[in-house]
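Using the hints provided, position chain B relative to the given structure of chain A.
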Amino acid sequence: MAYFQGFHINRILVYFMFFAFIGLSNPLMAGSDEHHESGEDAPKFDAGRVIIDHIVDAYEWHILDYGNFHLSVPFPVILYDEGQWYVFMSSKFKHGHASYLGYEIAHDGDLKGKIVRKTQDGEIVRPWDLSITKNVFSLFFSSALIIILFMSISRAYKRTRKHAPKGLQSLLEPLIVFIRDEIAITSIGRKNYEKFLPFLLTVFFFIFFNNLLGIIPIFPGGANVTGNIAVTGVLALFTFFITAIRANKNYWAHIFNTPGVPWWLKVPIPLMPIIELVGVFTKPFVLMVRLFANITAGHIIILGFISLIFVFGQSNVFAGYGISIISISLAIFIFFLELLVAFIQAYVFTLLSAIYFGMANEEHHHEEEHH
Amino acid sequence: MELVNPGIGLIFWMTLAFGTVFFVLSKFAWPSITRALKERELHIEEALQAADITREEMKKLKIDNEKLLKEAKEERDAIMNDARKIRDKMIDEARLKANLEADRIVESARERIENEKMAALVEVKNQIAKVSIDIAEMILREKMQNTKAQTDYIEKLINESQLN
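The listed protein sequences correspond, in order, to chains A and B.
Read in order, the letters of the first sequence are residues 1 to 371 in the numbering used here.
Read in order, the letters of the second sequence are residues 372 to 535 in the numbering used here.
Worth double-checking, as some hints may not be accurate.
[What the hints assert, rightly or not] Straight-line alpha carbon distances no greater than 27 Å define the calculated DSS-like cross-link-like pairs of lysine-lysine that follow: (1) B:Lys398 to A:Lys158; (2) A:Lys92 to A:Lys118; (3) B:Lys514 to B:Lys527; (4) B:Lys433 to B:Lys444; (5) B:Lys444 to B:Lys430; (6) A:Lys166 to B:Lys444; (7) B:Lys433 to A:Lys191; (8) B:Lys456 to B:Lys444; (9) A:Lys191 to B:Lys398; (10) B:Lys441 to B:Lys430; (11) B:Lys398 to A:Lys162; (12) B:Lys456 to B:Lys468; (13) B:Lys496 to B:Lys519; (14) A:Lys92 to A:Lys112; (15) A:Lys94 to A:Lys118; (16) B:Lys444 to B:Lys431; (17) A:Lys195 to B:Lys398; (18) A:Lys158 to A:Lys195; (19) A:Lys44 to A:Lys112; (20) A:Lys162 to A:Lys191; (21) B:Lys409 to B:Lys398; (22) A:Lys166 to B:Lys488; (23) A:Lys191 to A:Lys249; (24) B:Lys460 to B:Lys444; (25) B:Lys514 to A:Lys162; (26) A:Lys195 to B:Lys409; (27) A:Lys195 to A:Lys249; (28) A:Lys118 to A:Lys162; (29) A:Lys158 to B:Lys409; (30) A:Lys118 to A:Lys166.
[Unchecked claim] Residues from chain A that keep clear of chain B, each with C-beta distances beyond 12 Å, as calculated: (31) Asp53; (32) Ile63; (33) Val73; (34) Ser99; (35) Leu139; (36) Phe141; (37) Thr160; (38) Glu173; (39) Leu201; (40) Tyr251.
If you're looking for bench data, these hints aren't it; they were derived computationally from the structure.
From the three backbone atoms N, C-alpha and C, an ideal C-beta is built for every residue, glycine too.
Chain A on its own, in the form it takes in the complex:
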C-alpha cells in the first residue's frame, strides 16, 4: 500500500509536470481509479486498459484523481426498462463500484462499460439506455458551439453583404468556399451541387470541430467523439440516406441493370446486381470505419506515448521522468499530426459523401449502351 501511495503521488507529480509544461490536463488517471478503489490487489498500471477507458464512452467525465479525491462530472443516466423510465445521476454508481436500483456498470463481458441489470436468475439484461454520456455531452457542446458560431457568421454575412469578410467570418470563409468549389462543385457538378451543399458543409464542420475538440485534452474537449463508431455510423447513415433519397433513375438502373456487363452475369444468378447492391452499403460502411479508425488510432498513439511514462515510472520513478522527455516530444509531434488528421478526415468524409452524391445524380453518359 505504501508502495502504491508513493507510486501514485509520483505519478501525480509527473502528471502535473506535463500539465504545467504543455497544459495537457487530459484525465489520464481515469482508467486507473478502479485499481486504488479495489483495495489490496497489487495495483498495476495497465496501459491498454487506461487507453481503452479513455477512448470509449463513459457515464461520467473524469477530470482528475488526487489520492482518494476523484474529480469527475456526473451525467444523468436515462434508462427505459420494462415500460418504465429511470432518470438519475451517474454519481450514484460511485465511479462504477456500486449498483443503483439494481442497475450497475458491467465490468466484463460483451457489455463491459455499459449499464446492465442482473435478474434474479443471474441473467444480464440491458435496458434501453439513453443516458447522457461523456460523448453525448461533448456532442451537445460541439453542436451548440457550431450552431452559435455559424449563426453568428451568417449574421455577419447579412451585415457585410458585398463587402470583405471580417473576423471569424474571414477565418471560416476559405473553408466554406473550399467545400463549395473543391468538393461540392467538382464532385457533384454545377447543376446539382446546391441541393447537397448544406449537408456537406454541416458534415465537414461537424467532423472538423469534433475532431479538434477531441484533441484538446482540457474539459470539455478530449472526448473521443468522432472516434466513436456510433457517431461515425450515424454520420455515414445520413450520407447513405441522402444518397438513396436523392438518387436519380440512372443510379438505380446502374445498380440493378449494370450497363456494359455480359448478360450471364445478371441472369439467372444476379451476380452483378448483388455486387452493386453490396457496394451501396459498403460505401457508407467504409466512411464510418475510416473516420472511426483514424481518430481512434490518433488518440491511442498519443495515450500510448503518455502511458509509456507511467509504464517506466512504475519500475523506476526516474526512468519515468527520463522517458517523459521522449514521450512528450513524440506526443507533441503526434498532436500536430492529429491537427492535420482532424482536417484531412473531415475533408475525406465530406469529399467521399460528395462523390457518392455525384454518382447518384450523374446524368448517364453511356445512355446508348443500355438501350
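Chain B in isolation, oriented as in the chain A frame:
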C-alpha cells in the same frame, strides 16, 4: 469489443444532435452564407467587368481626343495656310495696284510736266517773239527816222515780197 460496440443511446443522441445542427444551419445559416458569397462574387465580377469597360472607354475616349486634336491641328494648319495665301495674294495685289497707280501717277506727272514744258516753251517762244518784235520795232523806229531810209526799206521789202 467495447470499441466497435455502438451504444444505442449515443446513436439516438447523435442523430438528434447532428439532425438539429443540420436542420438549424440549413434553415438559418447556410442559405444566407452561400447567398452572400454568391452575391459578393457576382458583385466583384461585375465590378471587374465595369472596370474593364471603363478602361476600354477611356482608351476609346483618349483615341477620340487625339483624333480630335489632330483634326483641329490640321484645320488650324489649313486655315493658317489659307490665311497666308490670302495675305500673300493681297500683298501681291496691293503691290501690283500700287505699282500701277504709281506708274499712272508718274505717267500723268510726266504728261503734265510735258504739257507744262510745252506751255512754258510756247510762252517763252511767244515772249521771245514779242521781245524780238519789240526790239525790231525799236530798231525800225530808230532807223525810220528819216524818210529816205523809210522809203528804201519799203522798196526793199516790196522787192523781197515780189521775189517771193
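Against the structure, the hints:
no., hint, in the structure
1, B:Lys398 to A:Lys158, "holds (15 Å)"
2, A:Lys92 to A:Lys118, "holds (17 Å)"
3, B:Lys514 to B:Lys527, "holds (14 Å)"
4, B:Lys433 to B:Lys444, "holds (16 Å)"
5, B:Lys444 to B:Lys430, "holds (21 Å)"
6, A:Lys166 to B:Lys444, "violated (55 Å)"
7, B:Lys433 to A:Lys191, "violated (44 Å)"
8, B:Lys456 to B:Lys444, "holds (18 Å)"
9, A:Lys191 to B:Lys398, "holds (21 Å)"
10, B:Lys441 to B:Lys430, "holds (16 Å)"
11, B:Lys398 to A:Lys162, "holds (21 Å)"
12, B:Lys456 to B:Lys468, "holds (18 Å)"
13, B:Lys496 to B:Lys519, "violated (34 Å)"
14, A:Lys92 to A:Lys112, "holds (18 Å)"
15, A:Lys94 to A:Lys118, "holds (18 Å)"
16, B:Lys444 to B:Lys431, "holds (20 Å)"
17, A:Lys195 to B:Lys398, "holds (13 Å)"
18, A:Lys158 to A:Lys195, "holds (21 Å)"
19, A:Lys44 to A:Lys112, "holds (20 Å)"
20, A:Lys162 to A:Lys191, "holds (24 Å)"
21, B:Lys409 to B:Lys398, "holds (17 Å)"
22, A:Lys166 to B:Lys488, "violated (116 Å)"
23, A:Lys191 to A:Lys249, "holds (17 Å)"
24, B:Lys460 to B:Lys444, "holds (24 Å)"
25, B:Lys514 to A:Lys162, "violated (146 Å)"
26, A:Lys195 to B:Lys409, "holds (15 Å)"
27, A:Lys195 to A:Lys249, "holds (17 Å)"
28, A:Lys118 to A:Lys162, "violated (64 Å)"
29, A:Lys158 to B:Lys409, "holds (12 Å)"
30, A:Lys118 to A:Lys166, "violated (58 Å)"
31, Asp53, "violated (9 Å)"
32, Ile63, "holds (21 Å)"
33, Val73, "holds (17 Å)"
34, Ser99, "holds (19 Å)"
35, Leu139, "violated (5 Å)"
36, Phe141, "violated (10 Å)"
37, Thr160, "violated (8 Å)"
38, Glu173, "violated (8 Å)"
39, Leu201, "violated (6 Å)"
40, Tyr251, "holds (23 Å)"
Taken one by one, the earlier hints fail for this structure at numbers 6, 7, 13, 22, 25, 28, 30, 31, 35, 36, 37, 38 and 39, listed in ascending order.
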